[in-house]
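> Now for the letters of each chain:
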Amino acid sequence: MTSEKTISSEPGPPSEGKTRTNSTFIRVFRYSLLRLVSMMVTVTIGVYLTILIANMGGYVDIIMRNEIRDNTTQSILANPNYRSLSPEAKGDLIQTKIATEINRLGLNQPFAVRSMRYLKNALTLNLGRAINMKSDQGSKEVRLILLERLPATLLLTGSSELILFFGSVFIALSLSRKYGSFWDKVTIALSPTSAAPSWFYGIFFILIFAAILRILPFGGLVDSPSPDNSLDYGLSVLKHLILPASSVIVSAIFISIYNWRTFFLIYSSEDYVEMAKAKGLTTRDIERRYILRPTLPTIITNFALLAITLWTGFIITERVFLWPGLGITLFRAINFYDTPVIVGSTIIYAYLLAITVFLLDFVYALVDPRVKVGSGGGGSQ
Amino acid sequence: MTALKNSIRDLLRYPSAILGSVILLFLLAVSVYALVTIPYSEAVRLWRGGEEVWYQNPKYAAPAWFNIFYSKKKPVSFSVRTTDGSMSKATTPSSDPEISTVDITYSFDYAYEGVPQELMIYFTSQFKDKFSFVSVSWITPDGRTIRIADMAVDHSLTFRFSQDQKLQKRLKTEDVMQAIFMDPESSTQADLKGQYQLVINGTTFEKDATIDAEFVLHGELFGAAGTDKYRRDLLLPLLYGTPIALAFGLLAALGTSLLTMVIAAAGTWYGGWVDELIQRITEVNLVLPFLAILIMVGTFYSRSIWLMLGVTILLSIFSGSIKSYRSIFIQSKESSYIEAARAYGASSSRIIFSYLIPRMIPLLIPALVSAVPSFVFLEASLAVLGLGDPVLPTWGKVINDAFADGALYQGRYYWVLEPAILLMITGFGFAMLGFALDRIFNPRLRDI
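Protein sequence lines, in the order shown, are assigned to chains A and B. At position 30 of the first sequence (counting the first as 1) the number is 30 in this note's numbering, and the numbers step up by one without a gap. At position 92 of the second sequence (counting the first as 1) the number is 92 in this note's numbering, and the numbers step up by one without a gap.
Careful: at least some of the hints might be erroneous.
What the hints assert, rightly or not - With beta-carbon atoms standing in for the labels, derived distance ranges:
no. : chain 1 : residue 1 : chain 2 : residue 2 : range
1   : A       : R83       : B       : V391      : 23 to 33 Å
2   : B       : G272      : A       : I208      : 55 to 65 Å
3   : B       : S347      : A       : R177      : 51 to 61 Å
4   : A       : E88       : B       : S41       : 45 to 55 Å
5   : A       : R177      : B       : L19       : 25 to 35 Å
6   : A       : I266      : B       : F26       : 40 to 50 Å
7   : A       : S139      : B       : G272      : 45 to 55 Å
If you're looking for bench data, these hints aren't it; they were derived computationally from the structure. Just so it is clear, CB atoms sit at the ideal spot from N, CA and C, and this is done for glycine as well.
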């Protein structure tokens, strides 16, 4: 979806002024509507596929039915209140209870019908109730289960990705000006280190800072028992954040700097940059007005797509550091065959992605005068 | 041919390419060695084996070469047996043809600090009715002889020094290892260094009866790679993980990049609804949570590495790169040589496979090589999530086992570091080579 910009960033004919405002509005409206519909179709298909996979095409039902049968039978046989009942009465009671439970979970409908209901609920963000999982507060609402873990995930993904993004863009910008320098070569030499994922650096960091030096914790969110006052609590969380966040940053920083640097270098060899240099503008002005400005659409795209990935969390990094975020919740949900939680997490990601990609088209038009929404003639505003 | 030569010459100009190629050749050599020396079924059997396969090894032993770094040398495990001649055995017939004596001796230098975890003798004996008989004694470096045990040997018998109650009683201590390795005269608790000797005197009471013995010392260190919680020699997964990692990485990268390219080419060539469909599938694929689907497939269906490979390829085909290939194909579709091919009546498939795709190979090769590490690490990532192939010894599984057992917390760093370093070497090897290839095949990057 990112390369939508290549389609819409074709330089269109120059704006023809206010006389065309009305047709511009219609064009933008039509384009937006088409985009929205195609996004919606995409999201629907994606979510339905997830529902199918998360239910194994209905096989999870059999597992759930068996579980219900086992649990109900056991709870009735173990309940002393029912001990006086005759075996037949007990059997009847078990059958009714199983039927109620299956009915409650909607398992009596065929899978095709049920999957459509799941789809409708997911698309209307009616996330429903989890099958087995509970939030720490004891609620079975998928919304609450996910919301409860959101702060921890946003803290980790947000802090690490923001540092990573802005750090690498600014370092790359300054490297691109003095390319061939010592630090430039160091960055190039180190960029293959990004072949390894963040959890991989995580185990090295745990080894060095937690196991050998014993200055930082092995994992978790706060000390146990957690500190009473909020200042100590915050400090404790920060201490636990250092290792996972730095493993995310270290795993990607060099390739990220390298990519941005190459990107900026290509733009800084444009004729208009040479012209600006010849005019004797300061490097600061050249950077800001002649390099950053034309590259802004790409920077914004990358930032927006990065912002969406913040939502998903890092499943493996969270697991290695025992970080109680959404990634670990999703992993646990899969192990519990808890379809509502899996689908809930997917639908939110899908919506965020669709909305972001949709909005990006308009943002391009705002920051880059060459871009026209809908790729026809006329301005977008 | 000259083009190939030129590319190789270009490649040699980059130190990273040379280093990367050396690493890859080394990994290939290890893979070939592993596959030749350990057949697939044997590797699976050993990896899945329990005590019956790995009884000779201590638990949680670090590699033997760790002693280089220790000022106080730790005991290194070993095992010797009469069946392969590593322990000497002499059979002498007596005047009675039914009776013969078997003398088994083994001397070894013990120059380590501390005592071993355990000493064991595994006897096997062949006879019809009459049990063989052995007496075991232990000669310390200062010349003392300690009587260890006298016993009848069944067809097989395991004798553990520490757990033998008679021996404990005789030595008047529960700590047999201390008693047989310590200097009784010394006031300090130092063990006696020097040559120890194990002497087994056996007697058989039948004509063709035999006694064989295997002597095992469980120390703190073991072999070239150490052992894990289940006494398994880590050398096995380290060696055998190499071909698996390479196969997974290469197949996934090859499958993904080739299929992506073919689909992108077909989409641009046919245009219309085919192109539209491919673009829509790509968008749907972006919405799907890649890792979550892999985890679901692993949890719900099967954890076989080949199924995972298939799903990985399937989910990676319709990625963002299909769009960048597409934009290049759109340009080359209008080229005059395509026009010429059309003019002589070439079929669509001929144009796609003989004209469109070959032009892209320079772009494909660096992308392919650079994609390998991410797939190698993906396999390890799945294993770390507990979704590794249940039967295959892989690097990721070793890391997962170590993590599950709290290896870092307990200070058993070798357990995590060995597979991790191999993973790192593999990743960097491919990444460095891919990096250099990228610069060679994309001249635009060369000056930058």
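> State for each hint whether it applies.
Checked hints:
1. Checked against the hint of 23 to 33 Å, the C-beta distance between R83 of chain A and V391 of chain B comes to roughly 47 Å, which is inconsistent with it.
2. Between G272 of chain B and I208 of chain A the beta carbon distance is about 57 Å. The supplied range of 55 to 65 Å therefore holds.
3. Judged by the Cβ atoms, the range 51 to 61 Å given for S347 of chain B and R177 of chain A holds: they are separated by roughly 52 Å.
4. As the Cβ distance of E88 of chain A to S41 of chain B is approximately 54 Å, the hint placing it in 45 to 55 Å holds.
5. Between R177 of chain A and L19 of chain B the beta carbon distance is about 29 Å. The supplied range of 25 to 35 Å therefore holds.
6. Distance hint check for I266 of chain A and F26 of chain B: the Cβ-Cβ separation is about 36 Å, which falls outside the suggested range of 40 to 50 Å.
7. The hint said 45 to 55 Å for the Cβ distance between S139 of chain A and G272 of chain B, and at roughly 51 Å that hint holds.
Taken one by one, the earlier hints fail for this structure at numbers 1 and 6, listed in ascending order.
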